[in-house]
Amino acid sequence: MRRTVAFTLNGTAVTAEVDPTQPLLEVLRDQLGLLGARRGCETAYCGACTVLVGGLAVRSCIFLAGRAGGREITTIEGLAHDGELDALQAAFITHGALECGYCIPGMILLTKSALTTMTQPTEADIRRVLSSNLCRCTGYVKMIEAVKAVATSTGEEARRG
Amino acid sequence: MTRRPDYHDPERLAEVLALLHEHGDDAKLVAGGQSLMVMLRQGLITPTALVDLARVPGLVGVERRNGALRIGAMTTIRTLESDPTVRRLLPTLAEAAAAVGPMQIRNMGTVGGNTAHNAVGADPPPALLALDATATVASADGERKVPLDEFFTGYFETCLAPTEVVTEFSIPVPGVGTAGAYLKFASRVVDMSIVGVAVVLRREEGRVRGAQIAIGGAGPVPFRARQAEASLQDASWSETALRDAGALAAEESTPLGDIHASVAYRRWLIRVLVPRALKAAAAQADGVEGAR
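Each protein sequence line maps, in turn, to chains A and B.
For what it's worth, the working numbering labels the leading residue of the first sequence as 1, then goes sequentially.
For what it's worth, the working numbering labels the leading residue of the second sequence as 1001, then goes sequentially.
If you're looking for bench data, these hints aren't it; they were derived computationally from the structure.
One or more hints might be untrue.
[Stated by the list, open to error] Footprint (simulated), chain A over chain B, 3 or more residues, beta carbon under 8 angstroms: (1) 1003-1013; (2) 1028-1034; (3) 1037-1046; (4) 1187-1198.
[Stated by the list, open to error] From the structure, some residues in chain A lie toward chain B, with a derived Cβ separation under 8 angstroms: (5) T21; (6) V58; (7) R67; (8) L110.
Quick caveat: nothing in here was measured; it's all calculated off a predicted structure.
Think of the CB as a built atom: it goes at the ideal place given N, C-alpha and C, for glycine as much as any other residue.
Looking at chain A on its own, in the form it has when it is part of the complex (with noise of 0.2 angstroms):
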């Protein structure tokens, strides 16, 4: 029972043939060739397949294809714009933020759908956020550290104005 989905992938219209109870993982990765998003636990447990819909972050292992359809998608693929890193992506590299890797994507991607509702996060904030992903290297300081100056220089600036 295939059906043709239509949405936005990171800015850019696309299709795909689907079947619809099929997790978008599988699509995003298998059919569109974009491996940004980890195939890590595949039960929604440790996030590395998270990404963007709607600009809110899922776990893409137990989201349905069939619901894509119409929706905004970004994964980490489409979050640096013009050939310029996301703030996040620069600050995990400023701060050596990452051990294996395998986790990064999501754990950015969490945190970029994270602070678009959160101003001046606490580190408890913080911590509460990337509890809901898994490091399996355990380098979470690192990145509590990235997550930290991203969050204080985007408060910066909109104290600024």
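Using the hints provided, position chain B relative to the given structure of chain A.
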């Protein structure tokens, strides 16, 4: 892999009900899909049809009507956590929503799906139970109202027939001076609760005028700690009264023992968390009073 189920995403509730009537137990409803998709992928369930509620209008939102807050079943956990009306009038529910583990699950998961799934250790169900919520349940035969204390019937089981769907919850707006809190204990913050305690508390002149206490995670279904509630009625607000209430709640519980916690440990958590949740509610009420 087994055959994938057929997928239906109707735009009218009547179509949903007709599909459920047609397929019975072979159909599964998709609300947020956050538990269902996992069970599907693990082969724990093998429905022949999925009926997605995403496009059915009227199932999302929070609305105040006739002294009650009406919450659509497809309202997300994220909305309950952040909606100003829910936070102000039903802090117990807002805190329970915020306690749901990972952010992605709160973004997609729904109050109806979470409640109808009745997973042990889910956070919103005890909050709804403490708040005396009533579920509206629809089927092709019509509509019925189910008080939450009749909703949960067993381990991952509810009163819902395969042909029925929860459309909304109605929660009486607590009177002025009522406070609430939700406290959960889990090994890690993203895990299901080993014990979750939801309280609604009204005090007057140093006395308890009403305490509603519901506990999740401890047994196959969330339950109201009625003996603890009764012990607090008109009691003076004291450490002793709170401690006694915790002990009674622990005593009247029927916890499960599993790999996460033993029966004795869950009882101990109840004993500790009930007074702590009541104090949290009281502190919040005092804070609000102080701010006025």
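How the hints compare with the structure:
For the region 1003-1013 of chain B, the assignment as covered by chain A holds, since 5 residues bring a beta-carbon within under 8 angstroms of that chain's beta-carbons and 3 suffice. Evaluation of the coverage hint for the region 1028-1034 of chain B: fulfilled, as 3 residues show C-beta separations to chain A shorter than 8 angstroms, against a requirement of three. For the region 1037-1046 of chain B, the proposed coverage by chain A is satisfied: 5 residues have a C-beta within less than 8 angstroms of a C-beta in that chain, meeting the threshold of three. Given as covered by chain A, the region 1187-1198 of chain B passes the check, having 3 residues with a CB less than 8 angstroms from a CB of that chain where 3 are the minimum.
Interface restraint check: T21/A against chain B, minimum CB-CB distance 5 angstroms, threshold 8 angstroms, status holds. The closest approach between the C-beta of V58/A and any C-beta of chain B is roughly 5 angstroms, which is under the 8 angstroms cut-off, so the hint is satisfied. Look at R67/A: its Cβ gets to within about 6 angstroms of chain B, closer than 8 angstroms, so that hint holds up. For L110/A, the shortest C-beta to C-beta distance to chain B is roughly 6 angstroms, which falls under 8 angstroms, so the interface hint holds.
Violated hints: none; the structure is consistent with every hint.
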